[in-house]
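**Q** Listed below are the residues making up each chain.
Protein chains: 2
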Amino acid sequence: MRYPQPHRNGGETQQNFHSTVSLQKLKRFNSLILVFRFSGFCFTLASAVFMFTNYGVSDSLDWLNFDAFRYVFVANMIASVYSLFEMTAAVWEISRNATLLPEICQVWFDFSHDQVFAYLLLSASSAGTEMARAMKGTCTDGTVFCVQSDIAIALGFVGFLFSGVSALLSGFRVVCFIINGSRFYV
Amino acid sequence: MRYPQPHRNGGETQQNFHSTVSLQKLKRFNSLILVFRFSGFCFTLASAVFMFTNYGVSDSLDWLNFDAFRYVFVANMIASVYSLFEMTAAVWEISRNATLLPEICQVWFDFSHDQVFAYLLLSASSAGTEMARAMKGTCTDGTVFCVQSDIAIALGFVGFLFSGVSALLSGFRVVCFIINGSRFYV
Chain A
1 MRYPQPHRNG GETQQNFHST VSLQKLKRFN SLILVFRFSG FCFTLASAVF MFTNYGVSDS
61 LDWLNFDAFR YVFVANMIAS VYSLFEMTAA VWEISRNATL LPEICQVWFD FSHDQVFAYL
121 LLSASSAGTE MARAMKGTCT DGTVFCVQSD IAIALGFVGF LFSGVSALLS GFRVVCFIIN
181 GSRFYV
Chain B
1 MRYPQPHRNG GETQQNFHST VSLQKLKRFN SLILVFRFSG FCFTLASAVF MFTNYGVSDS
61 LDWLNFDAFR YVFVANMIAS VYSLFEMTAA VWEISRNATL LPEICQVWFD FSHDQVFAYL
121 LLSASSAGTE MARAMKGTCT DGTVFCVQSD IAIALGFVGF LFSGVSALLS GFRVVCFIIN
181 GSRFYV
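Protein chains in written order, with the UniProt record's numbering: chain A, 1 to 186; chain B, 1 to 186.
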């Protein structure tokens with residue numbers, strides 16, 4: 001972790017300037033990640049809530065009776081809890097200029113989990129879509145149920161998009177760490 | 001594109017040595033990508049062939065009658081054609097030490113397409129899995145059809161794994177290009 005050093009001579013001034021620029025750029029980069037994580041959190045939580053409250057139309061039309069809808073709920077719930085943790089970690093890093101976990105653990109943890117949860121959300125949303133399409137025939141007596149399922153799945157797809165972008169950004173940090181030995185890219 | 005330079009003085013010898021090491025490491029890296037692409041090609045092509053030949057058990061049990069199975073076939077077919085193109089590009093780069101397209105286009109093209117096709121394969125396989133699960137009740141008179149569908153979907157999942165790893169490797173090249181202005185990482 002590089003901190004700005006006190007001025008002593010020209011060389012150190014140069015290093016200080018470089019470190020300050022690095023810190024500012026890293027803060028901006030982390031803020032960008034934070035925005036994507038917050039958006040992802042909102043959409044995945046909304047998807048999970050929409051799916052969880054999708055019952056009561058009739059005895060047979062309950063999201064718990066359909067494995068794909070259970071998968072959508074669980075995947076979005078996991079992703080939203082993870083996004084909440086990552087938002088905390090990002091706010092911590094922006095405010096204290098240090099990672100929550102040791103740097104090498106943090107960059108690999110972020111990237112691997114972003115990637116896996118993006119895949120999880122896509123897989124759940126695709127399975128949910130297929131189930132929703134297969135149910136269209138039985139939707140005459142449960143239109144509200146079907147529409148609410150569609151909305152939950154659509155929100156999950158948007159959550160996947162934000163997770164995918166977060167995975168790209170945290171992947172960038174991992175490669176910076178591999179090449180430079182630090183998450184700083186300047 | 002850096003080529004080894006003829007020896008003239010100490011500085012150039014150093015640069016020549018560096019370039020040779022870079023070239024050798026890049027060749028090894030490209031060979032690794034080639035292995036993953038070839039594996040991905042085999043599995044996605046096998047999946048597409050398995051799905052395409054999955055008919056004739058009865059009139060109703062034909063893969064063309066199920067949208068998820070059509071999706072599995074199309075996604076795996078597209079991914080296998082893309083893998084074939086990328087294998088050609090990798091062999092070209094290994095043999096001629098130059099990319100098929102201009103370097104910046106090549107690294108971005110590879111990464112974006114790897115990522116998108118990995119997502120496509122996962123989405124298709126997940127949708128296909130959901131359809132296969134929903135069909136289990138009707139599988140008493142078409143066991144061969146159901147087993148062959150399951151195999152095609154499983155092969156698609158393995159193809160997705162190889163595409164995902166290829167996306168990671170080509171993502172590494174993109175970040176090298178962003179940071180160093182070259183796909184060389186040494």
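Hints listed in this document are in silico derivations from the structure and should not be mistaken for laboratory results.
Bear in mind the structure is a predicted one, so any value in this text is a computation, not a measurement.
Treat the hints with care, as some may be off.
To be verified - Listed next, the in silico DMTMM-like pairs over lysine to aspartate or glutamate satisfying Cα-Cα at most 20 Å (straight line):
1. B:Lys25 x B:Glu103
2. A:Lys136 x B:Asp67
3. A:Lys25 x A:Asp67
4. B:Lys136 x A:Asp67
5. B:Lys136 x B:Asp59
6. A:Lys136 x A:Asp67
**Q** Each hint needs a verdict: does it hold in this structure or not?
**A** Each hint tested on the structure:
no.: 1; hint: B:Lys25 x B:Glu103; verdict: holds, 17 Å
no.: 2; hint: A:Lys136 x B:Asp67; verdict: holds, 13 Å
no.: 3; hint: A:Lys25 x A:Asp67; verdict: violated, 45 Å
no.: 4; hint: B:Lys136 x A:Asp67; verdict: holds, 14 Å
no.: 5; hint: B:Lys136 x B:Asp59; verdict: holds, 17 Å
no.: 6; hint: A:Lys136 x A:Asp67; verdict: holds, 16 Å
Violated hint: 3 only; the structure is consistent with all others.
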